[in-house]
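Participant: Here the sequence shown is numbered in full-length UniProt numbering, starting from 1 and rising by one per residue.
Note that these hints are calculated values from the structure, not bench results.
Backbone N, C-alpha and C fix where the C-beta goes; we use that ideal spot for every residue, glycine too.
Hints are supplied without guarantee of correctness; some may be wrong.
Result set (DSS-like, lysine-lysine): computed pairs, CA atoms no more than 27 Å apart in a straight line [claimed, not checked]:
no., residue 1, residue 2
1, Lys-274, Lys-183
2, Lys-183, Lys-171
3, Lys-171, Lys-274
4, Lys-160, Lys-175
5, Lys-233, Lys-160
6, Lys-233, Lys-183
7, Lys-274, Lys-116
8, Lys-183, Lys-160
9, Lys-274, Lys-143
10, Lys-274, Lys-233
11, Lys-116, Lys-183
12, Lys-160, Lys-171
13, Lys-233, Lys-143
14, Lys-160, Lys-274
Derived DEER-like restraints, expressed as beta-carbon distance ranges [to be verified]:
no., residue 1, residue 2, range
15, Ala-231, Arg-286, 46 to 52 Å
16, Arg-112, Ser-182, 31 to 37 Å
17, Ala-45, Gly-173, 39 to 45 Å
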Amino acid sequence: MGTTDFQAVLQALRQRQLTFDEVAALQALLATAMQGDQCFSLIEAAAGRPSCPRCTCRRCHRSGAANGLQRYRCTACGRTFNALTGTPLARLRLRDRWLGYLTCLLESTTVRAAAKRVEVAPSTSFRWRHRFIAGVRRERRPKLSNIVEADETYLLESQKGSRHLTRPARKRGGKAHRRGLSKEFDCILVARDRSRVTHDFVTGHGPVSAAQLRAHLLPVLAPDILLISDAAKAYQAFAREAGLTHEVVNVRAGIRARGAIHIQNVNGWHSRFKGWLHRFHGVASRYLANYTGWCRVLDAASPATPSDWLRIGVAPGKYSPGCQ
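Construct the entire structure; sequences and hints are all you get.
Facilitator: Put into structure tokens, the structure is as follows:
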């Protein structure tokens, strides 16, 4: 809109007595426009001068703009891209509503309620949920240090939303066919140190093994840590192979703690996670890692604002669509 057209619209508004509903609609329109500009500014600031997502070349020059974002052209391979290319947020539309939707994520709003609030389709709300969560899951977290508690919790495997089930359907979630732990359960491994740094992993079906602990847990442990776990043999084998100092809490024997030797912090995280997850009435196993990551973000209160979440989501880093 040109300056002349804007002045004409402004003059027409001055001559008209607006109703309360019209004023509210105009305020909402202006707020949306301001959020869109703020969103574009945050994206450009967080990405900085991006390198080419195809060949990682830093020699790129400006090449016009599209959909409110600066485009760049790589001098090495000729590829054009913008600040969102190669991130979980690439190709998503309606960017003027992103900050409002991120507020819904920070409030743990359900898919349909969030869709209604920001006025998008439920399918769009679902897609945005997992793309934004995938963005914060890329953030590099500090390694676990000093005293580290590790324990796993289990949820019944779910194929919710799948068009091709690999087993007979269960009514309202159902129950496992076997007593105790089996391959019917998804294993969620959580490790947490006394400074509240938390790492979570969905290791697969059934009880955790020493090989899974080595693959997931070993890369996030700082040297010279004290590992505390329950009496499961997998932890003992893992600690022995990795050369870690290891203390065991025999929970089955009724021993909850021996002074500072306990796993109450990680078990408290398990409890908060399951209580928080209940509002979604069951989640599919293929999305479970996103929900553990979402809960970890909320539990740590970082990012604490929609702007912080957006900055982390568009920050340079590797992204694979398979992690959604």
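Participant: Next, verify each hint and record whether it holds.
Facilitator: Hints, verified against the model:
{"no.": "1", "hint": "Lys-274 with Lys-183", "in the structure": "holds, 20 Å"}
{"no.": "2", "hint": "Lys-183 with Lys-171", "in the structure": "holds, 19 Å"}
{"no.": "3", "hint": "Lys-171 with Lys-274", "in the structure": "holds, 20 Å"}
{"no.": "4", "hint": "Lys-160 with Lys-175", "in the structure": "holds, 14 Å"}
{"no.": "5", "hint": "Lys-233 with Lys-160", "in the structure": "violated, 33 Å"}
{"no.": "6", "hint": "Lys-233 with Lys-183", "in the structure": "holds, 18 Å"}
{"no.": "7", "hint": "Lys-274 with Lys-116", "in the structure": "holds, 26 Å"}
{"no.": "8", "hint": "Lys-183 with Lys-160", "in the structure": "holds, 17 Å"}
{"no.": "9", "hint": "Lys-274 with Lys-143", "in the structure": "holds, 25 Å"}
{"no.": "10", "hint": "Lys-274 with Lys-233", "in the structure": "holds, 25 Å"}
{"no.": "11", "hint": "Lys-116 with Lys-183", "in the structure": "violated, 38 Å"}
{"no.": "12", "hint": "Lys-160 with Lys-171", "in the structure": "holds, 11 Å"}
{"no.": "13", "hint": "Lys-233 with Lys-143", "in the structure": "holds, 24 Å"}
{"no.": "14", "hint": "Lys-160 with Lys-274", "in the structure": "holds, 17 Å"}
{"no.": "15", "hint": "Ala-231 with Arg-286: 46 to 52 Å", "in the structure": "violated, 31 Å"}
{"no.": "16", "hint": "Arg-112 with Ser-182: 31 to 37 Å", "in the structure": "holds, 33 Å"}
{"no.": "17", "hint": "Ala-45 with Gly-173: 39 to 45 Å", "in the structure": "holds, 44 Å"}
When each numbered hint is compared with the structure, violations occur for hints 5, 11 and 15.
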